[in-house]
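Participant: Build the full structure now, drawing on both the sequences and the hints.
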Amino acid sequence: MDLAYTEAEEEFRARLRAWLATVLPALPAKPAPDDWPGRRAYDTAWQRMLYDAGYAGLHWPVDAGGQGATPTQHLIFLEETEKAGAPYVGANFVGLLHAGPTVAAEGTAEQRARWLPPVLRGDEIWCQGFSEPDAGSDLAALRTRAMRDGDHYVVSGSKIWTSHAEVADWCELLVRTDPAAPRHRGITWLAMRMDTPGVTVRPLRTLAGSTEFAEMFLDEVRVPVSHRVGAENDGWRVTMVTLSFERGTAFVGEVVACRRTLAALAARAQADGRWDDPVLRRRLGRLNAEFRALWRLTQWNVSEASGPGPGGRGKGASGTGGVPGTGGSVFKLRYSHARQELYETAAEVLGADAADLDREWVLDRLSSLSYTIAAGTSQIQRNIVAERILGLPKGR
Amino acid sequence: MDLAYTEAEEEFRARLRAWLATVLPALPAKPAPDDWPGRRAYDTAWQRMLYDAGYAGLHWPVDAGGQGATPTQHLIFLEETEKAGAPYVGANFVGLLHAGPTVAAEGTAEQRARWLPPVLRGDEIWCQGFSEPDAGSDLAALRTRAMRDGDHYVVSGSKIWTSHAEVADWCELLVRTDPAAPRHRGITWLAMRMDTPGVTVRPLRTLAGSTEFAEMFLDEVRVPVSHRVGAENDGWRVTMVTLSFERGTAFVGEVVACRRTLAALAARAQADGRWDDPVLRRRLGRLNAEFRALWRLTQWNVSEASGPGPGGRGKGASGTGGVPGTGGSVFKLRYSHARQELYETAAEVLGADAADLDREWVLDRLSSLSYTIAAGTSQIQRNIVAERILGLPKGR
Amino acid sequence: MDFQLSDDQRALRSGTGDILAGRFGRDRMRAALDAGTAVDRGLWRELGEAGFFALRLPEAEGGAGLGLPEAVLLFEEAGRALLPGPLIATHLAAGAVKGAAEGTAVVAVLEPGRPVEHLGDADALLVLGPEDVGARAPERASESGPERAYAVTGGELRGLVGGAAEPVRSIDPFTPLWRITAPAGASHERLSGELLSGRTARWRDEGALLAAAEQLGSAARTTEMAVQHAGGREQFGAPIGSFQAVKHLCADMLVRAELARCAVYAAAVTADPVEIAGAKLLADEAAVRNARDCLQVHGGMGFTWEADVHLHLKRAWLRSGRWIGAAAAEERLASDLRGGAGIPR
Amino acid sequence: MDFQLSDDQRALRSGTGDILAGRFGRDRMRAALDAGTAVDRGLWRELGEAGFFALRLPEAEGGAGLGLPEAVLLFEEAGRALLPGPLIATHLAAGAVKGAAEGTAVVAVLEPGRPVEHLGDADALLVLGPEDVGARAPERASESGPERAYAVTGGELRGLVGGAAEPVRSIDPFTPLWRITAPAGASHERLSGELLSGRTARWRDEGALLAAAEQLGSAARTTEMAVQHAGGREQFGAPIGSFQAVKHLCADMLVRAELARCAVYAAAVTADPVEIAGAKLLADEAAVRNARDCLQVHGGMGFTWEADVHLHLKRAWLRSGRWIGAAAAEERLASDLRGGAGIPR
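Keeping their order, the protein sequence lines are chains A, B, C and D.
Note that the first sequence covers residues 5 to 400 in my numbering.
Note that the second sequence covers residues 5 to 400 in my numbering.
Note that the third sequence covers residues 42 to 386 in my numbering.
Note that the fourth sequence covers residues 42 to 386 in my numbering.
These aren't lab readings, by the way, just hints derived from the structure by calculation.
There could be a bad hint or two in this list.
[Unchecked claim] Taking lysine-lysine pairs in the DSS-like style, the calculated list, with each CA pair at most 30 Å apart, reads:
| id | chain 1 | residue 1 | chain 2 | residue 2 |
| --- | --- | --- | --- | --- |
| 1 | B | Lys34 | B | Lys87 |
| 2 | A | Lys398 | B | Lys398 |
| 3 | B | Lys34 | D | Lys355 |
| 4 | A | Lys34 | A | Lys87 |
It should be emphasised that the depicted structure is a prediction, and the values quoted were computed from it without experimental measurement.
Facilitator: Take a look at the structure:
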């Protein structure tokens, strides 16, 4: 158990900090939340800066154009960029963190050459077409249909919760190619150009009032067979294999952000006298324990993933690691709840101002309502923990 | 909505108070917790006093030897006896509240004449042989077997969680008479004398260190067929019908007791300065809201049960009533949790003294651990509420 | 004792429900939301004609002569229907502010230190004295400030809206908010108007009770919404309501709503400040947590603007801070224990 | 950075587990319980020989020269095995009290205002200074009283046991308790003995950390017990662990234990008082709540004396109040935020 960083890691951190200190002050102003083209331009420009400085695809394998960094270096990168207030991955999210790694792991040499460099350079961005109105928690229930027609698939159906759909170049799409096969066996992974005829995007307004997501309607969209990654009907496996890329770093920036928010809440409470209320003060103290521990759990998971093999050291002594995504389930269960609790506490600190959308943390509070739902509800996560880590029997 | 008691109800209360004031000071000292014969004698003596004063079987129908009182009168009775610190129903529990009502509802004239008067007079006490080691939450899984042999059943098996088994005269017993029938259809209700050869009772020690319950082993115990209530294989229905007798009064005394405890906790906290801690003080305030509301819910349930028919007015506007036992599930879910929370708060008030078994509330805290388990776990209660009140589908 | 609704009360509640369903059903509610209409003058007058505001005025003064128990049934239905506007303030002002009883005036309320709801639509503004904390309102009133309330109307009100107040971008789209920009804490001192003596404490308690009734209606409604969704939505080849994880969320929602119901109804009957504090505490919790759980049961759909669940949640949040908040309610309930209060009759 | 156990640490942990399984397996544990034996002198010496107490003494002083990270692994195993006795106090006293390191002396600890565990079996008693509240121990020590500790032995100890202390009927059958009957609060002032300067704050923090490690072991163990029971016990024709209501209880237990694990291990590495307070807070919660949930999963069986779950719960309750309690831990963690503490490296 060693929490000290190695000399090489400290050097990496110092270099990164120095670079951030140089470039961040020169960044243009952030675009408005609903200015999608502006946000795309801002996010991809940042990605290009990372690329030029040698930080693009930090955690990608070298043969995919990445830097082949260790999980610990990736953790340091995410920690430092968050602390420095650098731009988020934003519009590059799907390309860098899911579609890209999928292509890197399962694509042909040609596919890798075509799709990976533009992602790393910030030239192209991807969106994700997985969820459907009737396939949320039960993703494998997806019904978007792809029929083979010569060297194309003809795709019809609808997708939902697609971020950046309005400005994406490509969509990683899961479609059903064999309706007769068992649910997980008839699914295929396709890369679809967003400007293909038949693709319609409609903004989806969330309860926060914003249109961060979109619905996507596909009406006989023709996708070349050459845009298929992996074998036909093998898309479920292709998609899942990517999760092992994550290596414990999924929420590093978020935990750092939560700790900053917590310190800011304490400062605000001290400024306006609410700090004198022991109920509130102790609640803030408790959250300090919570997020400190979540930071340590992150370090634990990253260390565990640093071993040999795609899943790192395998199921560690703690029982949290090994099966890709399960250590993540333990983390996500606690983190998503803790972050919601953080914003509930923020509302206590704000008092009557918690009703004012223009106050800090108020929109965050609304957004946080999705944390126990998105990317696997807490109910689904508990199933995963109980069945895959604890080995409890599946429900009847 | 009228929370005022009628003149008749007030008169009933006044008479009861006057009587309690006369008799309680003359009661002998309470026996030690593990002195079972002493406890039986104490409890049955109290029952005899109630009988002589005309309060025995207050809520039983008149034709069963009871007083035919309204649910509201029963509520007043339970409230006043608790407030006055009168003895609990104790060893008379099963006879007065379950076995007796079952016989009253489903027994023959002969059975009623044989079994009911001794219960009301405190001459005989009953215990309950329902649960089995492998049939807890799933009571219908019971396996204790009864084979017909002429005019007797020959019963073998084992029962658990039998209170007062050491000193009971009779046991209301559920046995399986048709192993081939569907689970609920092959069960029969028998009255078994506890001194029948083949009955062995072994005390069961709880985590509180006491032997409040027993295990009961039955080895070819011969029970006359004439001691069967209801038809053979109809025992499940016979048992369930009794629940409608309860009419909302099940936890009246307990809620009153909780409110007394809460007031005592506040007094203690004030005496030793812990009251100045707003975290503790607000927690006590919250419990005040909780138990005040539970008291109102009790009044609501009792009022709802006061209408015509065995279930009272049927499913009321609130959705809590109607199906016997379901309004009770709503109450029990909240009450059992609130009472555990009450004793957790007591431990806060006690501080380091919470480790001392001789301090008030410490043993209560241990006992309260069973509240979310006994008589239907909270998990089972939620199923009942969701399926029978809300109409959600049964699990697959 | 008969702690059940009388036939008249049942009829009143279902009648109110029918009126609201007809006049402010889901389609109209969403249309008003899209149009940004919080207070609809026509609907306001109809509510006035239906006795919503005059309910508790004596018949001689044009009211229905009914009491708090009937009022909570009305406000429960209002909470269920997401009916917007300063309903409680206008109801309280009936008989004290001209036009309130009839629904021809819209009356808002100023609680010190809190933004004012619907100020822009208001014809009059009730200004309440400082909040009591830690004691029953009547007992503490003399310690914590002048026990007085004002009704501000006409030119002064216009001056307030025009200058000393600024609109706030409200978290609840149905509840526009205004912040008083006069020096903090002193704002209510600076206003004058028709003096309404000795009503602050009563209005605070009645306001808290009626807000609790709205919370109750909302909590019951989100329970229904969750159950309806859970019964219909299929995942993994079964309605999600057949999974215990969802089923048990719904069961706990019902328990919260029903306990709050008993607390609110009983407080309406007794009008006891401690019981009102308890009712508000439990109803706030039921409304907020049930809306949260309803959202969870709805999954991603619950996170959309199209689903009504966020409207319930946002309103429930706002109401939780109004009239009496959790801290003050718990302190009042704790104070009640100080006296060694026994068991009520 | 490599926040994983080294091979040596893994070997130490599994070796300790093996020793305890061999010397204090379930059968012996229940036999000791039935016999009322809390401190077994033979076992105590074996623990001493295995380095349990001398672990952190320098090798020159007969110790293993290891640190807090290794110590928490030992105490985690002790918590898992329900090993009774004043393990932490004796471990802390190694090097300061004769025989402690070797396991030939049993050392108890007196924290002001709290009953003393195992006083009747003790050869020496550590008397700690007053507890710090609301600040990091080192900073506050000078404000809140003399930063001193005593080791009381011999005649004075016998006098204490014989007169100024009385046995308490302990809620935990494995932890006999004694109440000091000298005037409350002043008891520690009246004792004299070998002065051990400047150790109170460090001992308090180390004691809290090691108690947190025991809580962690208990929380992990009750998770295993619940999972084992849920996988084997059938009701309604299926293992109860296949029902989400039970399954999700178990999942939450694991989450609590694993978060506590990371907090405890990290605090052992940094020895930071704030991090120790956080570790104690989370480990206390994990131990108590996991024991509660384990009991719930076991149903009626969990309520019996025969099941081990109550032993874990009772011990977890006792440990929660020791060294640093929830209120003091939360205040210390809040104080840490005051400085606008950023993100640690």
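Participant: Of the hints stated earlier, which fail here?
Facilitator: none
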